[in-house]
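Asks: Here are the chains, one letter per residue:
Number of protein chains: 4
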Amino acid sequence: MMLPELRETVSRLHAELVRYNLVAWTAGNVSGRAPGGELFVIKPSGVSYDELTPESMVVCDLDGNLVEGDYAPSSDTAAHAYTYRSMPEVNGVVHTHSTYASAWAARGEPIPCVLTAMADEFGGEIPVGPFALIGGDDIGKGIVATLSGHRSPAVLMQNHGVFSIGDSAKAAVKAAVMCEDVARTVHVARQLGEPLPIPQADIDRLYDRYQNVYGQRSPL
Amino acid sequence: MMLPELRETVSRLHAELVRYNLVAWTAGNVSGRAPGGELFVIKPSGVSYDELTPESMVVCDLDGNLVEGDYAPSSDTAAHAYTYRSMPEVNGVVHTHSTYASAWAARGEPIPCVLTAMADEFGGEIPVGPFALIGGDDIGKGIVATLSGHRSPAVLMQNHGVFSIGDSAKAAVKAAVMCEDVARTVHVARQLGEPLPIPQADIDRLYDRYQNVYGQRSPL
Amino acid sequence: MMLPELRETVSRLHAELVRYNLVAWTAGNVSGRAPGGELFVIKPSGVSYDELTPESMVVCDLDGNLVEGDYAPSSDTAAHAYTYRSMPEVNGVVHTHSTYASAWAARGEPIPCVLTAMADEFGGEIPVGPFALIGGDDIGKGIVATLSGHRSPAVLMQNHGVFSIGDSAKAAVKAAVMCEDVARTVHVARQLGEPLPIPQADIDRLYDRYQNVYGQRSPL
Amino acid sequence: MMLPELRETVSRLHAELVRYNLVAWTAGNVSGRAPGGELFVIKPSGVSYDELTPESMVVCDLDGNLVEGDYAPSSDTAAHAYTYRSMPEVNGVVHTHSTYASAWAARGEPIPCVLTAMADEFGGEIPVGPFALIGGDDIGKGIVATLSGHRSPAVLMQNHGVFSIGDSAKAAVKAAVMCEDVARTVHVARQLGEPLPIPQADIDRLYDRYQNVYGQRSPL
Numbered sequence: 001m002m003l004p005e006l007r008e009t010v011s012r013l014h015a016e017l018v019r020y021n022l023v024a025w026t027a028g029n030v031s032g033r034a035p036g037g038e039l040f041v042i043k044p045s046g047v048s049y050d051e052l053t054p055e056s057m058v059v060c061d062l063d064g065n066l067v068e069g070d071y072a073p074s075s076d077t078a079a080h081a082y083t084y085r086s087m088p089e090v091n092g093v094v095h096t097h098s099t100y101a102s103a104w105a106a107r108g109e110p111i112p113c114v115l116t117a118m119a120d121e122f123g124g125e126i127p128v129g130p131f132a133l134i135g136g137d138d139i140g141k142g143i144v145a146t147l148s149g150h151r152s153p154a155v156l157m158q159n160h161g162v163f164s165i166g167d168s169a170k171a172a173v174k175a176a177v178m179c180e181d182v183a184r185t186v187h188v189a190r191q192l193g194e195p196l197p198i199p200q201a202d203i204d205r206l207y208d209r210y211q212n213v214y215g216q217r218s219p220l
Numbered sequence: 001m002m003l004p005e006l007r008e009t010v011s012r013l014h015a016e017l018v019r020y021n022l023v024a025w026t027a028g029n030v031s032g033r034a035p036g037g038e039l040f041v042i043k044p045s046g047v048s049y050d051e052l053t054p055e056s057m058v059v060c061d062l063d064g065n066l067v068e069g070d071y072a073p074s075s076d077t078a079a080h081a082y083t084y085r086s087m088p089e090v091n092g093v094v095h096t097h098s099t100y101a102s103a104w105a106a107r108g109e110p111i112p113c114v115l116t117a118m119a120d121e122f123g124g125e126i127p128v129g130p131f132a133l134i135g136g137d138d139i140g141k142g143i144v145a146t147l148s149g150h151r152s153p154a155v156l157m158q159n160h161g162v163f164s165i166g167d168s169a170k171a172a173v174k175a176a177v178m179c180e181d182v183a184r185t186v187h188v189a190r191q192l193g194e195p196l197p198i199p200q201a202d203i204d205r206l207y208d209r210y211q212n213v214y215g216q217r218s219p220l
Numbered sequence: 001m002m003l004p005e006l007r008e009t010v011s012r013l014h015a016e017l018v019r020y021n022l023v024a025w026t027a028g029n030v031s032g033r034a035p036g037g038e039l040f041v042i043k044p045s046g047v048s049y050d051e052l053t054p055e056s057m058v059v060c061d062l063d064g065n066l067v068e069g070d071y072a073p074s075s076d077t078a079a080h081a082y083t084y085r086s087m088p089e090v091n092g093v094v095h096t097h098s099t100y101a102s103a104w105a106a107r108g109e110p111i112p113c114v115l116t117a118m119a120d121e122f123g124g125e126i127p128v129g130p131f132a133l134i135g136g137d138d139i140g141k142g143i144v145a146t147l148s149g150h151r152s153p154a155v156l157m158q159n160h161g162v163f164s165i166g167d168s169a170k171a172a173v174k175a176a177v178m179c180e181d182v183a184r185t186v187h188v189a190r191q192l193g194e195p196l197p198i199p200q201a202d203i204d205r206l207y208d209r210y211q212n213v214y215g216q217r218s219p220l
Numbered sequence: 001m002m003l004p005e006l007r008e009t010v011s012r013l014h015a016e017l018v019r020y021n022l023v024a025w026t027a028g029n030v031s032g033r034a035p036g037g038e039l040f041v042i043k044p045s046g047v048s049y050d051e052l053t054p055e056s057m058v059v060c061d062l063d064g065n066l067v068e069g070d071y072a073p074s075s076d077t078a079a080h081a082y083t084y085r086s087m088p089e090v091n092g093v094v095h096t097h098s099t100y101a102s103a104w105a106a107r108g109e110p111i112p113c114v115l116t117a118m119a120d121e122f123g124g125e126i127p128v129g130p131f132a133l134i135g136g137d138d139i140g141k142g143i144v145a146t147l148s149g150h151r152s153p154a155v156l157m158q159n160h161g162v163f164s165i166g167d168s169a170k171a172a173v174k175a176a177v178m179c180e181d182v183a184r185t186v187h188v189a190r191q192l193g194e195p196l197p198i199p200q201a202d203i204d205r206l207y208d209r210y211q212n213v214y215g216q217r218s219p220l
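Chains as they are written, first to last, in the UniProt record's numbering: chain A, 1 to 220; chain B, 1 to 220; chain C, 1 to 220; chain D, 1 to 220.
It is possible that some hints are incorrect.
Intra- or inter-copy, both count: the list cannot distinguish identical chains.
[What the hints assert, rightly or not] Derived lysine to any residue pairs resembling SDA-like cross-links, with alpha carbons at most 25 Å apart:
| no. | residue 1 | residue 2 |
| --- | --- | --- |
| 1 | K141 | A201 |
| 2 | K141 | G193 |
| 3 | K141 | S86 |
| 4 | K141 | E109 |
| 5 | K141 | L196 |
In short, the hints are calculated from the structure, not lab data.
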């Protein structure tokens, strides 16, 4: 079987989606690009998180074709594949319908950057991507058009949910977790008034520092 | 003992109601129709979810009469029985008082379809059924009148809670889980403004695709 | 050691407060009246829920004096004792600061009966008791004055939290769980409009039926 | 290895942040001052809560310099160090981005004291500290300026999150837990109207009693 280590990592990272309440039933998925860059490992379609194993993960090429696996790949595979094809620096993609982020997406409203943690992780607002139907490359195009050249590693796809990216599958999962966390906090803040803005120069300082100083200098 | 496999399935599915926080104390129940169509397995009344076992499940006929079991059947048995009698294609029924769905029900307000996941699963809005008292067939009639010919597998019974149906007990549980998930997300979206509508033609496309393409082609 | 069975029951029931997220740190307590009626078992003060054991429970008389135990009794003991002294039919008392019920209490606003489950359990609205300081019988008097002759087994003490009663410690815990459940659902319903009222005659029918028909005819 | 007992305590207390949902990913930290007063134990930077062990904790001096440890100290170490330098009575510091408290912080709005539990623990409102950038002593100065001479053991740092203090690491964790608990309850109360005020004299009585009477007379 190909790619045993990446299968293990991608399988295990789905447990983080469950732990942080980002998913209901089978409605979210993680993928990771394989070394070499031409393949990725992704969740099988319609399989519950409890039943995921490294062996049940499926391997696809960058056109989204099944290369190895006993199951059909996630119904969101085309969006993952398009993102990997278009953004060579991306090695992980996550999709969820997490509640608060999806609520901003349902209104088509970006999340304003009013928390220092949001400046750290997202470098500013979390943007909205277009309404797009499943079944072709429209979702992938919307993700790539919105995130290319943007600081944010997450996009709120209108009326749909979140796609996040990272230089590893784990980094993309972290972005999905933090996206829901700030989506919820800013929502709660807005329920009782207007959050105070953070000056753009301070957002820039926070983002720069966090990207360059935080953590243990190893891949997250 | 009759129907050991269905008893096991129905007993186990109650754990999903607990996992997704759809129930408090003993206030929710799952049933599944037996092969042959004339009997169904349902939760015993007033027994906690921790104590449910395949053996404690009870078997009823389609008039809601106890056929086998050491406990009284769920106080909602008449509504389940009426639904099975009236809708031969239904093989699973779930009832919950899940928070967000019940809040829409308390206002007597259907949940508008503003999420692609809702178009997938429900094919449009989730409808409201009439106010009905327990103790006869009024609740069952309200469920059947609302869901017959409707795409949605879930109905918000006014001032009461959710009933969901499916071609298996598991499918009905999935509908109950997804109903609360979209009830919460649309509620949260509406708290800070109006969600953007999804054009009916796109709802139709999403529903058609999801019903015919998604998953592993085996019963969910 | 006195009352080993009741110590076990009361100790174990605290886990239900944790399971249903009704308590933070050590801020909630359960008590149960002993057979004979002159003593009750209650949580020790300031001890975490993880560390509770049957042995760490304390026994008090109906004036709230410590009769047996290695710890000081809960700081709410006087309110429990006053309730047992004044309401001989009560065999269990629970106190929590559960979020949604305490929010209604902070506004001094009773929870209107707009859910059939609330008609079942509470027979109408959940009433508000007076603002009262700890340290004497004022809280106990407020509980008893509000609940005597009232259908509701729970009272929202203004700016404070919930006290619930029952004919057993378990029944009082159930009332505390259901109080928070309906407090949350009615809150959520009210956030986006006005819930539909349930006619008083229907509330009466539901309450009568639930008190006399539901469950397995054994103590809850 | 230095300070094995304090390493164990501080490591274990992080589990309380997880249990009470105060943190996402790695965004919160606990520290405890060592006997002697010149060193403190703190979380390593960017390490997940699951992977924390007594051995992975790091030891710093009161200028925030690493004294012992295999990892870089938390990126919030400077704020902890400044607090220990300036407030000799403080032996524990906690930092979180807990949702409801951070929402009040995003609006720069203190939490009004409308719950008796809040009078007990905080002795009045929970105050707001200044907006401050990470990377120097600005955050520490804001914490100390706000909390010095204030009854509240917690401060809402504007657009950022919560810092709490205590005479032990455990007491600081308790303050962080209770801060989020009252932040949530008062938020929920305010969503549907104005909470009733508690007269200042009653707040004073409650605070005095709780600080002097509650619990088992041993360190919390």
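Asks: Kindly indicate which numbered hints from before are broken by the structure, ordering the numbers from low to high.
Replies: 2
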